[in-house]
Amino acid sequence: MKKTKVLIISLMLMAMVIGFAQAQITGSEVMEKVYNRPTGPDIQSTLTMTLTNSRGSTRVREIKQFIKQFGDDEKKVMFFVAPSDVKNTSFMSWSYGDGQDDDMWIYLPALKKTKRISSSSKSDYFMGSDFTYDDLGERHPSLDIHTILREETVNGEDCYVIESVSKDSDYFYARTITWVVKDEWFGMKREFYDEDDEFLKILTLNEYKKVNGYWVIPEMEMYNEQKDHTTLMQLDDIKIGDGIKDSQFTERMMERGIR
Amino acid sequence: MNNKKLLVLSWLIIVFIAVLTGVFVTAIKSNTRMETDLDKYMPQKHPAFIYSNEAEDLFGIKDGIIVAIENKDGIYNEGTLQKVKDLTKEIQAMEGIEKSDVTSLYTADNIVGSEYGMEVNAFYKRVPSTEAKLQQLRDDVRANDMIYGRLVSLNENVTIIIAEINDDTFTDKFYSRILAVGESYEGPETIYVAGVPIVEGELGKLAPKDMARMAPLVSIIIVFVLLLILRSFKGTILNLLVVILSTIWTFGLMAVLNIPIYSVSTMIPVMLIAIGVADGIHLFSYMELYLQNNPDATKVDAIKDMLKHLWKPVVMTSITTAVGFTSLVTSQVYPVKYFGLFTAFGVISAMFFALILIPAGLMIFGLPKPKQFKTKKSSTGSFAFKFADKIAAKKGITILIAAFVIAVSLFGISRVWINSSFLVNFEDDSAIVRTDAFINENFGGTSSFNVILEADKNDVFKDPDVLKLVDNLQNDMESLPMVGDSFSLADFIRRINMVMNEDREEFNTIPDSTEMIAQYLLLYEMSGDPENLNAVVDYDYKTLNLTAKMKSDDSRTINSAIDVIEEYRVEFEDMGIEINFAGTGYKGLVFSNLILKGQISSLFLSILVIIILVSLMFKNFIIGLIAAVPILITTLVNFGAMGLLNVALGPTTALISSIAVGIGIDYAIHFIDRYKEYSIETGNKNETARLTMYNTGRAVMFNAVVVIAGFLVLLFSVFPPNRQLGALVSLNMFSSFAGTLTIMFLLLYLSNIYFREEENNEKNKSTYY
Chain A
175 MKKTKVLIIS LMLMAMVIGF AQAQITGSEV MEKVYNRPTG PDIQSTLTMT LTNSRGSTRV
235 REIKQFIKQF GDDEKKVMFF VAPSDVKNTS FMSWSYGDGQ DDDMWIYLPA LKKTKRISSS
295 SKSDYFMGSD FTYDDLGERH PSLDIHTILR EETVNGEDCY VIESVSKDSD YFYARTITWV
355 VKDEWFGMKR EFYDEDDEFL KILTLNEYKK VNGYWVIPEM EMYNEQKDHT TLMQLDDIKI
415 GDGIKDSQFT ERMMERGIR
Chain F
4 MNNKKLLVLS WLIIVFIAVL TGVFVTAIKS NTRMETDLDK YMPQKHPAFI YSNEAEDLFG
64 IKDGIIVAIE NKDGIYNEGT LQKVKDLTKE IQAMEGIEKS DVTSLYTADN IVGSEYGMEV
124 NAFYKRVPST EAKLQQLRDD VRANDMIYGR LVSLNENVTI IIAEINDDTF TDKFYSRILA
184 VGESYEGPET IYVAGVPIVE GELGKLAPKD MARMAPLVSI IIVFVLLLIL RSFKGTILNL
244 LVVILSTIWT FGLMAVLNIP IYSVSTMIPV MLIAIGVADG IHLFSYMELY LQNNPDATKV
304 DAIKDMLKHL WKPVVMTSIT TAVGFTSLVT SQVYPVKYFG LFTAFGVISA MFFALILIPA
364 GLMIFGLPKP KQFKTKKSST GSFAFKFADK IAAKKGITIL IAAFVIAVSL FGISRVWINS
424 SFLVNFEDDS AIVRTDAFIN ENFGGTSSFN VILEADKNDV FKDPDVLKLV DNLQNDMESL
484 PMVGDSFSLA DFIRRINMVM NEDREEFNTI PDSTEMIAQY LLLYEMSGDP ENLNAVVDYD
544 YKTLNLTAKM KSDDSRTINS AIDVIEEYRV EFEDMGIEIN FAGTGYKGLV FSNLILKGQI
604 SSLFLSILVI IILVSLMFKN FIIGLIAAVP ILITTLVNFG AMGLLNVALG PTTALISSIA
664 VGIGIDYAIH FIDRYKEYSI ETGNKNETAR LTMYNTGRAV MFNAVVVIAG FLVLLFSVFP
724 PNRQLGALVS LNMFSSFAGT LTIMFLLLYL SNIYFREEEN NEKNKSTYY
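Chains as they are written, first to last, in my numbering: chain A, 175 to 433; chain F, 4 to 772.
It cannot be assumed that every hint is accurate.
[To be verified] Here are the computed lysine-lysine pairs in the DSSO-like style, where the Cα-Cα straight-line distance is at most 30 Å: (1) F/K302 to A/K401; (2) A/K289 to F/K311; (3) A/K401 to F/K92; (4) F/K88 to F/K75; (5) F/K311 to F/K389; (6) F/K389 to F/K8.
None of these hints come from the bench; they were simulated from the model. It should be emphasised that the depicted structure is a prediction, and the values quoted were computed from it without experimental measurement.
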């Protein structure tokens with residue numbers, strides 16, 4: 175009896191300690207975990223990007239994309255499938271873990287030339303969407319100051335609500351607020367505030383699932399409130415760890431297009 | 004009714020009028036507002052306006068304020084570039100301006116070819132300080148014809164910041180602030196602020212300011228001349244009260260009905276002065292002659308006689324005039340409708356005051372004191388008689404002169420042109436005109452005009468043949484001397500094509516395949532600011548916006564551009580593309596045409612209605628026709644003079660011709676009515692002519708002299724539209740006066756309507772006077 179009591183009390187204490195430790199996790203640690211969440215060695219999918227402007231007009235683009243990790247670096251190549259007038263236009267980017275600027279190329283089949291694109295502004299919007307180049311990658315956590323604002327349940331998942339304020343006052347987002355799913359470490363939604371700290375846009379996940387043990391997001395939506403413009407990104411035929419050849423990420427392959 | 008009762012009644016009338024006037028004054032004080040938003044003037048349901056407004060919305064077409072920074076030593080130095088940056092940021096931060104609507108060298112995108120392919124960069128973020136960097140910036144600008152000549156002048160001494168603003172942004176406060184902001188950046192650079200909103204703003208300020216300065220002068224002169232003519236304080240005051248009270252009631256009613264004051268509403272007092280003064284002058288003039296002939300008549304007798312003889316013509320003139328103005332409701336333009344209706348109301352109130360307030364006032368305060376009539380009478384009398392005789396005797400000359408005047412007027416009318424320009428309202432050497440000229444000299448132009456091309460299906464504007472045609476159209480438009488430059492999707496494509504081909508000039512063209520264009524556009528979306536495309540093409544590549552910059556906002560310029568565009572209509576139609584127009588300048592043109600069409604058609608309508616009314620009143624159709632003569636002559640002379648003196652027709656100048664209706668018919672009816680009465684009284688044609696000329700002719704002349712004297716003062720205004728107003732009103736008064744007393748009189752005399760027996764003529768000529 176006594177023993178049991180001691181056991182119970184020590185278990186409770188342990189739980190408290192663990193709970194305390196758990197509660198003590200910092201905003202930076204959460205964002206580190208998000209940044210370091212494994213995404214798989216490679217992923218290929220068909221991306222359908224639907225842009226909707228304030229008048230309800232839409233542009234739909236279908237893209238076949240390949241992404242592969244090369245250590246800390248990531249290489250990505252995309253081929254346009256539709257609309258037909260840009261078919262086989264391809265885009266490749268190499269981003270580097272050491273913070274060096276991305277390298278980007280575009281191949282225009284009509285011009286039959288591959289051109290480098292300057293990566294001077296990560297604040298540029300990706301193909302007229304509401305995602306900047308920066309939004310599509312993960313920003314290194316050390317660039318912001320992170321604070322846990324509160325904890326909240328979103329879509330039935332317990333989340334940390336993290337405010338990330340940019341250390342660089344010239345950065346195009348003054349701050350973002352991210353809802354990070356506890357223990358899974360992916361963002362469920364994120365609000366973006368512009369340089370003047372005015373609400374700019376919100377990213378929400380419509381669907382998320384595990385493929386081969388990795389979290390993937392088959393459908394997400396970015397709504398830019400200031401422009402009343404929406405981008406819906408849908409992923410189909412997702413394959414993770416299928417083994418994409420290194421040679422896929424070359425100018426030669428860009429120019430060859432997809433069959 | 005005995006005198007006492009009449010006196011009590013008079014007091015009651017005065018109290019009643021005073022109370023009602025008080026009510027209207029309170030209404031004016033609490034509920035009057037000026038409508039300065041020009042869009043509110045436009046008939047929003049007109050198809051051209053609906054289309055333009057939709058296109059403006061689709062492409063974010065807005066009026067631009069242009070701030071020019073001039074440095075006579077060139078703009079490529081640290082100080083000036085710093086100012087461009089600071090001023091850009093300060094304007095972006097202004098309330099009511101969207102950050103992205105401000106364009107300057109600091110914010111502009113530089114599409115360049117590089118070793119990589121295409122880059123879209125800023126020209127500068129940090130202000131360049133070294134000589135090398137400044138030189139680099141200069142080279143960058145020179146190499147980019149989307150910027151060079153558009154944001155930086157070719158002589159490199161001037162650069163502009165364009166701030167597009169929403170329609171509702173422009174207020175007095177905003178205007179003062181943007182001027183103050185510009186001024187704070189002066190030295191050594193010179194700062195100019197121009198653009199359509201600035202011109203409108205300046206106009207909105209200057210017009211009332213000048214009126215506020217000139218109106219008292221006009222009033223003083225009118226009072227002074229009235230005093231001279233009536234030779235009586237009481238008469239002058241009563242006469243003025245008629246004008247003032249009818250104006251107050253009119254604006255009071257507008258306030259009560261919650262109708263704002265539009266710029267054309269300022270013409271209402273002008274009409275009421277010209278018309279309101281007439282009733283009183285006729286009454287007093289008649290009474291003066293009555294007292295002259297009946298020196299012993301009592302106050303009551305004199306008033307009774309005056310009313311007995313004059314209530315009818317006063318009512319007739321007022322009703323016909325009011326009906327004439329009411330015909331303006333056929334106009335599609337609301338301010339003009341209101342102008343017509345409320346002037347009609349004002350005319351009826353003036354009639355009411357003339358027939359009620361003047362007698363009541365005379366009952367209470369007594370008759371004007373008769374002064375040395377003797378000498379006056381003989382001179383005016385004999386002059387009037389001689390004049391009547393001469394006109395009757397020298398019919399040929401009168402008719403010849405009238406015919407000549409009509410011929411010259413018709414020639415003038417053929418040269419009349421419509422102008423919807425705002426800038427034309429300013430002095431040629433005014434700061435605003437000089438600024439405008441300065442910017443037009445160095446850049447494409449201060450006014451813009453939008454051509455909207457709408458296809459019947461999506462993606463048409465990725466078609467190279469279509470874009471090449473657009474490009475040709477732009478070249479043709481730019482060859483016009485008054486069109487500075489133009490901008491469309493074609494410019495983007497040409498620029499991208501060139502930079503993607505190592506900056507070679509031979510690639511400054513539209514490529515030959517749809518795929519190429521589509522891929523360039525995708526490339527631009529990936530490396531530039533895709534928002535920029537929203538201003539030139541819609542999301543579906545189905546509607547295209549071509550913006551032309553013009554060096555003048557006048558209708559001739561816009562029309563010359565439209566003529567060029569129309570030549571392309573068939574070709575575009577073959578491609579399934581419809582051409583339409585949009586923008587402030589175009590709306591202004593449509594608006595002016597509408598006003599003018601409305602004004603012309605309502606003039607005809609009112610003349611027709613007046614002929615019928617007068618025919619019914621006098622129970623004679625010929626009289627109706629004769630009564631229309633002064634209106635016709637006045638109208639012809641008015642428009643003829645405008646053509647000859649190169650005064651363009653605009654919303655306000657067009658309305659001045661209404662005065663012909665108001666005054667012309669007044670004179671005609673008074674004259675004919677008196678003529679008719681004297682014909683019954685004397686039964687002698689020459690005697691009738693002489694007496695009518697003496698009695699009514701005198702009143703008509705007094706009326707004309709009073710109003711002409713008053714409005715001639717406006718010739719000293721510093722505001723050209725007010726000078727035109729003064730000249731045209733005076734001219735109209737004069738031609739109404741001259742037309743009535745010469746050609747109309749002659750026609751009446753020759754018509755023999757009130758004389759059955761022709762033979763009286765010869766006999767009487769010798770026996771009278």
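Hint by hint, here is what the structure shows:
For a cut-off of 30 Å, the pair hint linking F/K302 to A/K401 is broken: about 79 Å separates their Cα positions. Simply put, A/K289 and F/K311 have alpha-carbon atoms about 97 Å apart, too far for the 30 Å limit, and the pair is violated. For the hint pairing A/K401 with F/K92, the CA-to-CA distance comes to about 21 Å; that is within 30 Å, so the pair holds. A hinted pair counts as satisfied when its Cα atoms are at most 30 Å apart, and F/K88 with F/K75 qualifies at roughly 19 Å.
Restraint check for F/K311 and F/K389: the C-alpha separation of about 29 Å stays at or below 30 Å, so the hint holds. Annotation: proposed proximity of F/K389 to F/K8 is violated, straight-line Cα distance about 45 Å (limit 30 Å).
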